[in-house]
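Peer 1: Here are the chains, one letter per residue:
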Amino acid sequence: MASKVFGSAVRRKEDPRLLTGQAKFTDDFTLPHMAHLAVVRSPYAHARVKAIRTKKAAAMDGVLGVFTGKDMKDAGFGPIPCAWVVPGSNAKTPPYPPIALDVVRYVGNAVAIVVATDRYVARDAAEAVEVDYEPLPVVVDAKKATEKGRPQLHADVPNNLAFTWTVAGGDVDAAFKAADVVVSERIVNQRLIPNAMEARAALADYRSATGEVTLWVTSQNPHIVRFLLSLDTGIPEQKIRVIAPEVGGGFGSKIPHYPEDTMVIFASKQCGCPVKWTETRSENYRGTIHGRDHIQDVEMAAKKDGTITGLRATVWANMGAYLSTASTGIPTILHGLMLSGAYDIKNIREVVHGVFTNTTPTDAYRGAGRPEATFMVERLVDLVAAKLKMDPVEIRKKNFIPPFTDGHAVATGLTYDSGNYIAALEKALQILDYKALRAKQADLRKKGEHIGVGFCTYAEICGLGPSKVAGAVGFGGGLWESAIVRFHPSGKVNVFVGISPHGQGEETTFAQIVSSELGVPVEDVEVFHGDTGQTPMGWGSYGSRSTPVGSGALMGAIVKIRDKAKIVAAHLLEASVDDVVYGDGKFSIKGAPSKAKTIQDIALMANVAWNYPAGVEPGLEASAFFDPSNFVYPFGAHAAVVRVDVETGEIRLERYVAVDDCGRVINPMIVEGQIHGGVVQGIGQALWEGAAYDDAGQLLTGTMMDYALPKADAFPTFELAMTETPTKVNPLGVKGIGETGTIASTAAVYNAVMDALAPLGVSKVDMPLTPERVWRAVRDARR
Amino acid sequence: MRFGVSITVNGARRKHEVEPRLLLVHYLRETLGLTGTNVGCDTSQCGACTVLLDGKAVKSCTMLAVQAEGASITTIEGLAKNGKLHPVQEAFREKHGLQCGFCTPGMVLTACHLLEKNPKPSDADIRHGLEGNLCRCTGYQNIVAAVKEAAARM
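Residue numbers (this note's numbering), protein chains in the order written: chain R, 1 to 783; chain E, 1001 to 1154.
What the hints contain is simulated information worked out from the structure, not anything from laboratory work.
Heads up, some of the hints might be wrong.
Stated by the list, open to error - For lysine-lysine, the following PhoX-like pairs were computed, each having C-alpha atoms within a straight-line distance of at most 20 Å:
id, chain 1, residue 1, chain 2, residue 2
1, E, 1148, E, 1120
2, E, 1084, R, 13
3, R, 590, R, 564
4, R, 586, R, 564
5, E, 1148, R, 711
Claimed, not checked - Now the in silico label distances, taken between C-beta atoms and shown as ranges:
id, chain 1, residue 1, chain 2, residue 2, range
6, E, 1116, R, 17, 24 to 32 Å
7, E, 1072, R, 32, 29 to 37 Å
8, E, 1069, R, 144, 53 to 61 Å
9, E, 1152, R, 764, 44 to 52 Å
10, E, 1062, R, 708, 18 to 26 Å
11, E, 1128, R, 135, 40 to 48 Å
12, R, 88, E, 1152, 57 to 65 Å
Since we're looking at a predicted model, the values are computed, not measured.
Where is the CB? At the ideal position from N, CA and C, for every residue including glycine.
Let's have the full structure, built from the sequences with the hints guiding it.
Peer 2: Here it is in structure tokens:
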């Protein structure tokens, strides 16, 4: 890497348009003759639809049509497919019609749609649609839903069991028999609402003359949406163009292919005009996927000296009313396989029940499975430490996988790529000044003040992933990436990629890579993504894969460009190709650096092809595909310091230290930004966030007034540091950093609060740790 | 029933007949086509729709267009002058105060108003001043740094 561009905090190319209001999000597009769609949604969590009366709505001025599930079905629009079915799990995938046909199964389930010339008229008309419901019994709790005699959601799914999946390695029962200590815990990893600041939207323009459709949609993976649309709309894939324009955050919630995607296409086809649907926030809380929602019964076995010997768990994962696109892979592959964490736990067994309930479907939410695994492991490690009266730092050090660079196999069957867990923890301890902090804590305790220190030393799996593994675990697609690098005659460059970033800044980091590797200024490179009509096939941005996998494809194209440029340079320099060397954007003759051609000279000649080597294709453009050999496994050590007011239950976050390792860093400014945002989301789960349903299946946290999102004034300035352990899985040695903060911070903050409360005898409070819950726990412990 | 409104937006006087129930944000986005102002919620929590109304930061989803009669509004489109970013915009870029950019127009305009009231704010002042604006990407740290940077530049 000759250039300093790689590894420096280059200002983002994305920013000028976003800072001036010139960026175009889906709802910003207006097409001539465009109509608006509004959805009539069920107010019941479970009911039979007896009648839908549309006459009044249809007669309103400006209404173009009112349609039901039957209308969509009759027009050949099928159920929304589930795209991840884990083998060996006895999975049931009952149909998910885009509009309910006879039964609604969650509050927010679509019952009818209205198309009108104006956004307000569409909403008015939706209110005028009259629906008769016959309420049915409701179940919202995943564990209860599996018990005998509970309401059944789907006819062919006994006990609401969508699937049961097991991961096992070693001899778990023997480990527990031989254990000196065993701790057990019921953990409720509560349901969360993703809350991308831009809610969803979709705009379809169907042309009857050609049978082609263009869909602008808030998606993290437009190529996957196109593929799935070809299955459920009946429109062939080559006639579908899916564009994800500017996308205002996703956090997993914009991975799924949603019913509204097909509704707007159907409506555009029926009404003969472009049709747009824009989700309101209260619709978003009901109709866009939720995340997490596990009930976990878990035990950990250990020896007297603190060696952890076994982990055993049963999990009830709430899938909601239907299986969303990637849903079944989240509590299984992305959760259960990570139960060894950063440790060498030789014996592991977990049984995961995926359960249907009368709630909004769940799917990937930032971290997706790994936060649920990390919290479980990191909490139990602390409980074992407490039982053995060990320092939480010492037990971690004792059990860490020792530093490795060439792979380390864990009991769940995964092979981690590289890691140096102790180094990250030592760095965090140094920043914290751990000894002094413990001394301060002891002093404050004498005065009746309660501060706590909590740790999370995580290892996570991301950079999804090798495609053959994707296939083996039932994911209905590949997980490789692609890139095209195109030099124009002027020496400027366009890059086209299959990933679909939406805030992560790859337009900048990928330009930095091109700049470093080919000697082109960053400002001469523009990166395009997110349009199936313009960008090459790719599987999208999620699972912290865009940089680790996408840069592998980009590097493949860069190497091809360099190889071809060498041939052209040799011709222009009248030298043999073997004598041409590349460095700093210049191709020169070995030993005679003054005789050189720049990449820009070569781009011009390759594009005009006037003086050109025989048998070589004109143009300077290359396309490459990259399928990694393994996932990548970032890791780190996070520590939180909290102060708890035991009289009010109020928690104040005093310090937060994050040491992360994502291999080589391309742009430290962007990496730090990803960590900040992730940490805040994870702290949100620990302290404030939680979706709540009542027994009738009504969402009690139905608006931003009722669902507590993190705000600016709740945080200190975070203290960040990095260690660097490259991976061999991709050409640049990079690992993903988009989710680590969320994966780590929930457990770090929770453990800190429990550390603060330890002298009072409190070791468990269900999340979120609201003042009321903390106060009650303290009061109960004092009784 | 429609009402005539006359509103100055980014320095230009605009006159329209609007429905009395038309939200100011929809007037800006749909009647005028100024789509830089975003809608992030329907309960006045998120602040993505914040604009400056006679110099004060207001949530344009919580006002009717008719209530803005006679007012002067600055939206994000009107902040940069002569192709030069406003110091707050510059500082957001410099300090990486945005990721997906959806909350950014509201954040930037709120920051402008905050600095107008308090030209040398502390970190705590900034964090308190941004309480009415939600960001799900940045974790706020770089937004706070950006506002501080802007204060130094202005």
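Peer 1: Hints first: check each against the structure and report whether it holds.
Peer 2: Hints versus structure:
1. E:1148 to E:1120: Distance ~8 Å between residue 1148 of chain E and residue 1120 of chain E Cα, so the pair holds.
2. E:1084 to R:13: holds (16 Å)
3. R:590 to R:564: holds (17 Å)
4. R:586 to R:564: With Cα atoms ~13 Å apart, residue 586 of chain R and residue 564 of chain R stay inside 20 Å; holds.
5. E:1148 to R:711: holds (18 Å)
6. E:1116 to R:17: 24 to 32 Å: With Cβ atoms ~25 Å apart, the hint holds.
7. E:1072 to R:32: 29 to 37 Å: Between residue 1072 of chain E and residue 32 of chain R, where Cβ atoms are some 32 Å apart, the hint holds.
8. E:1069 to R:144: 53 to 61 Å: Once the Cβ atoms are compared, 56 Å apart, the range 53 to 61 Å for residue 144 of chain R and residue 1069 of chain E holds.
9. E:1152 to R:764: 44 to 52 Å: About 46 Å separates the Cβ atoms of residue 1152 of chain E and residue 764 of chain R, which means 44 to 52 Å holds.
10. E:1062 to R:708: 18 to 26 Å: holds (20 Å)
11. E:1128 to R:135: 40 to 48 Å: holds (46 Å)
12. R:88 to E:1152: 57 to 65 Å: Distance hint for residue 88 of chain R, residue 1152 of chain E holds at roughly 60 Å.
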